[in-house]
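Number of protein chains: 2
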Amino acid sequence: MASISQSEYPPKLSAEEEHYLLSNVKDWSIAHGLAVRPAPSFVQPLQDPSGVLASTAPVTLFPSVFPRSCFEQGLAIQKAYNELYSAIARDEPWLQSIVEELVGVDDFVAKLWHIHLEVKKEGYVQDVSLGLFRSDYMVHQDSSQARPSSGLKQVEFNTIASSFGGLSSRVSALHKHLLAIDAYPKSTSSIIKEEKLQLSKSASSLAKGLAAAHKAYGSSRTGRPLCVLFVVQDPERNVFDQRHVEYALLEENGVRSFRLPFGETLSHTRLDSDRTLIYTPPNAPAMSYEVTTVYFRAGYSPDDYAKDDDWVARLQLEKSRAIKCPSILTHLAGCKKVQQVLATPHSPHVKRFLADEKVAARVLETFAPIYPLDESEAGQEARKLATDVSTATKYVLKPQREGGGNNVYRKAIPAFLSKLPETQWPAYILMEMIEPPALANAILRNGEVQRGGVICELGVYGVCLWREGRGEGQKGEIVENWEAGYLLRTKGDQSEEGGVAAGFGAVDSCCLVGE
Amino acid sequence: MASISQSEYPPKLSAEEEHYLLSNVKDWSIAHGLAVRPAPSFVQPLQDPSGVLASTAPVTLFPSVFPRSCFEQGLAIQKAYNELYSAIARDEPWLQSIVEELVGVDDFVAKLWHIHLEVKKEGYVQDVSLGLFRSDYMVHQDSSQARPSSGLKQVEFNTIASSFGGLSSRVSALHKHLLAIDAYPKSTSSIIKEEKLQLSKSASSLAKGLAAAHKAYGSSRTGRPLCVLFVVQDPERNVFDQRHVEYALLEENGVRSFRLPFGETLSHTRLDSDRTLIYTPPNAPAMSYEVTTVYFRAGYSPDDYAKDDDWVARLQLEKSRAIKCPSILTHLAGCKKVQQVLATPHSPHVKRFLADEKVAARVLETFAPIYPLDESEAGQEARKLATDVSTATKYVLKPQREGGGNNVYRKAIPAFLSKLPETQWPAYILMEMIEPPALANAILRNGEVQRGGVICELGVYGVCLWREGRGEGQKGEIVENWEAGYLLRTKGDQSEEGGVAAGFGAVDSCCLVGE
Chain F
1 MASISQSEYP
11 PKLSAEEEHY
21 LLSNVKDWSI
31 AHGLAVRPAP
41 SFVQPLQDPS
51 GVLASTAPVT
61 LFPSVFPRSC
71 FEQGLAIQKA
81 YNELYSAIAR
91 DEPWLQSIVE
101 ELVGVDDFVA
111 KLWHIHLEVK
121 KEGYVQDVSL
131 GLFRSDYMVH
141 QDSSQARPSS
151 GLKQVEFNTI
161 ASSFGGLSSR
171 VSALHKHLLA
181 IDAYPKSTSS
191 IIKEEKLQLS
201 KSASSLAKGL
211 AAAHKAYGSS
221 RTGRPLCVLF
231 VVQDPERNVF
241 DQRHVEYALL
251 EENGVRSFRL
261 PFGETLSHTR
271 LDSDRTLIYT
281 PPNAPAMSYE
291 VTTVYFRAGY
301 SPDDYAKDDD
311 WVARLQLEKS
321 RAIKCPSILT
331 HLAGCKKVQQ
341 VLATPHSPHV
351 KRFLADEKVA
361 ARVLETFAPI
371 YPLDESEAGQ
381 EARKLATDVS
391 TATKYVLKPQ
401 REGGGNNVYR
411 KAIPAFLSKL
421 PETQWPAYIL
431 MEMIEPPALA
441 NAILRNGEVQ
451 RGGVICELGV
461 YGVCLWREGR
471 GEGQKGEIVE
481 NWEAGYLLRT
491 KGDQSEEGGV
501 AAGFGAVDSC
511 CLVGE
Chain C
1 MASISQSEYP
11 PKLSAEEEHY
21 LLSNVKDWSI
31 AHGLAVRPAP
41 SFVQPLQDPS
51 GVLASTAPVT
61 LFPSVFPRSC
71 FEQGLAIQKA
81 YNELYSAIAR
91 DEPWLQSIVE
101 ELVGVDDFVA
111 KLWHIHLEVK
121 KEGYVQDVSL
131 GLFRSDYMVH
141 QDSSQARPSS
151 GLKQVEFNTI
161 ASSFGGLSSR
171 VSALHKHLLA
181 IDAYPKSTSS
191 IIKEEKLQLS
201 KSASSLAKGL
211 AAAHKAYGSS
221 RTGRPLCVLF
231 VVQDPERNVF
241 DQRHVEYALL
251 EENGVRSFRL
261 PFGETLSHTR
271 LDSDRTLIYT
281 PPNAPAMSYE
291 VTTVYFRAGY
301 SPDDYAKDDD
311 WVARLQLEKS
321 RAIKCPSILT
331 HLAGCKKVQQ
341 VLATPHSPHV
351 KRFLADEKVA
361 ARVLETFAPI
371 YPLDESEAGQ
381 EARKLATDVS
391 TATKYVLKPQ
401 REGGGNNVYR
411 KAIPAFLSKL
421 PETQWPAYIL
431 MEMIEPPALA
441 NAILRNGEVQ
451 RGGVICELGV
461 YGVCLWREGR
471 GEGQKGEIVE
481 NWEAGYLLRT
491 KGDQSEEGGV
501 AAGFGAVDSC
511 CLVGE
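Those sequence lines, one after another, are chains F and C. Numbered as in full-length UniProt numbering, the first sequence ends at 515 without a single skipped number. Numbered as in full-length UniProt numbering, the second sequence ends at 515 without a single skipped number.
Same shape as in the complex, but just chain F (with noise of 0.2 Å):
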């Protein structure tokens, strides 16, 4: 990485080479599905009622330089992570142990756990299970040694509703035929080769799971056609992201699937009296399909559930027969506070779910130190790091609630706990700050691009499907394995918040440094 500075990369424009660059680009997007719908603040509803217009998803003009180790670092390392977490959503007497601690602060965990406990009292039907993860890092220079070095750190791990694989395979794509067609200046071929530029096959991957699963769920047993329900939110901007995954479902394997609003699932869904779910598509209410798998990509957030059927409506789908990407333990596996467990220092946790020595080891290489700021013996460590502003500049507070937004950041931390009782302040953890690399890219964000220094995420997918142990201490077992591609998300360095989908930042693509 030292090789290359910001102000050498990506390099700067002439005004032909900005217009051939960003015309390929918005044609090429287009031409591809590598698209959004538009924000309303771009396109107003009225102007387009019924939603034909899509814009080039956000994305940056050039790859991102990316430490080859680091890259092969996390793809190496996530199927040692399906199994990490596999593992943890099917030991529920540890999730149990840390939803306890969250009850009092986190009343969404406390309501998905509810779920899972009136599942229980009429007892699970399916034992397969299907995760379809990713797990996101940063580049982390260490430059407190005498020799620094790089190596991912851990964001966080996605657990349900895993999203941008399908246009990530298409972000990785749209950079290699640029540096076909030399829409990328000469200054850099030294750094842009072709050999270097990493395809993602994220979306073709994950159909490919989802598939699995599928075919695990075995023959229909009411005779019905068989289905794979996506579960969304509606509206949906981001809907081909997820289109090109039930795409690649159908043309790539075969299998059917259809999209049902959250919010709309009482309508459309019905248990049959063995727990079989049956979904019956509203255009064609004369019909009815038997479900295999039930993929969220809602009800992962709060918001999802506005009224209280939508809870009946997750009840109802955690009940069924239907193979669920994520189980609801699966689900709460995702949850902060369990990253935060696994992450404090001299945790033993990850060593109960990862047998092999050498592979846990690597796996707590990508922790970042987090500290809950509780009375244990971390959580008084935590406080004295916490309330010193000399100390505080390493670490970002989050609140321990699922869904993001309102952490504080660094200096600003001594002064927010001052304000705050003691007693609350178990509701937050304190997480070693990641400091990447300084970057710089050039964004397409609806038609505008903005240059500036940026800060990567790397994320990995995952495909695992496992088996619960049928009966007391039996731990059950993985059926399939695999990482499925990559996504790089790219955002600028002035917002310490990250996210494409939440309007700060891009889809990427990797271009590899270094050995």
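What the hints contain is simulated information worked out from the structure, not anything from laboratory work. Be aware that one or more of the hints could be misleading.
[Stated by the list, open to error] Covered by chain C, according to a simulated footprint, are these stretches of chain F (three or more residues, beta-carbon under 8 Å): (1) 8-21; (2) 27-36; (3) 178-184; (4) 233-243; (5) 280-288; (6) 440-448.
The model shown is predicted, which means the values in this text are computed figures rather than measured ones. We put the CB at the ideal spot given by N, CA and C, even for glycine.
Given chain F, put chain C in place with the hints provided.
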């Protein structure tokens, strides 16, 4: 066709059926580049100055029913049409006789001919020509016979800038997708069947034609890298149609190409001393390419020649050593007058160009009678037909000028002619109206669904690569000749003019009916 009436197909949809169908059309189309840039009336340029918005191309929601025999007739005859127009383009004396008749009427044709003469003075240096043709037909129902029959009748033959080959491939895939996901109600299942929906391979097949010309050009004479040049209008709302051909040219054939706005030709191209055509990309002025093939997607309309330099530009391209698609003589071979001369009853011309009598007879079958309004024998006959309301009702009066518009239909013809001095009558031709079957469909256009009676026009693409004869009396030879997929264009039967790009109609695909 008789078994399907307008009232039965396409079916009326429930609100839920329409919602399912439309949401799938809107998402699939953008995900697969079946798109156009929005009309200024839909999205004002100020709202999207950099042009990132796109919308679903105007498409029919259902494939239109089309007689299998007519579809097969159109595809089967395309190679003969390629041969015919290639032979015409190689017969300069014959073309000259046509052009001479037009000089007083059509300044544009006169100027194109002048370009030919200019090049001829210096001598042509490239004896290979490429045609990417499209022959457009309607199904004609002849109810005057005891047993009504249907067959194809030609509307026009396009020798330059034949469009929609890129989108046509996609709309046929869209309709197949909609069938696969049960977006068509069960009531259509006897009509819309997988094996009756016809995919069009046009994007790929036209690109293969360009690649064949590129290869026929031979190796570089200047040591520069080789390229194909797409000469285009700017701005171009139908850009994705062209881009799909460009991407297929690169991805399936490994051939680089550039888009050059016709009006900028002189700024970015020049002739080497041996008339090699050199293109310098504005984004990389230090680089230059040797152009193997000039593919005109502009230059076919007088509007494209706004300034004198545009004629200089056309001359420069025609003079060059690059293979032209089409050459200026091939462009002229596509003029309306040629079609009229070929299709005048008892015309000997087709047989002049097609040696095989059976082939010539099959081509002749697809002509609707076209008469000149001059003082020839056929012209006298036409004058009688056109001035009598009872016979005029079967005809359309078209100006000889290129560019369309201003047609006079049926009963309006006698009154129109009565106001026109007879000396001006030869500026028009009289064409027998094609009587297409009454069909209905629904068209999605700018977000609105329009339903009603429609007229379908089948376009069949053809690729033809030939070599001029060297020396007096040598006829040259065809090197490549293939049928290259199809287009179905459908418009509301309220408008008598056609053309999706011009704002009337939609791209469609064929659902075959009959034996």
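Hints versus structure:
Judged by the Cβ-Cβ criterion of 8 Å, the stretch 8-21 of chain F is covered by chain C as claimed, because 6 of its residues qualify and three suffice. For the stretch 27-36 of chain F, the stated coverage by chain C holds: 7 residues have a C-beta nearer than 8 Å to a C-beta of that chain, and at least 3 were required. Evaluation of the coverage hint for the stretch 178-184 of chain F: fulfilled, as 4 residues show C-beta separations to chain C shorter than 8 Å, against a requirement of three. Given as covered by chain C, the stretch 233-243 of chain F passes the check, having 3 residues with a CB less than 8 Å from a CB of that chain where 3 are the minimum.
Requiring three or more residues with a Cβ within less than 8 Å of a Cβ of chain C, the coverage given for the stretch 280-288 of chain F holds, as 7 such residues are present. Coverage of the stretch 440-448 of chain F by chain C holds in this model, with 4 residues showing a Cβ closer than 8 Å to a Cβ of that chain against a need of three.
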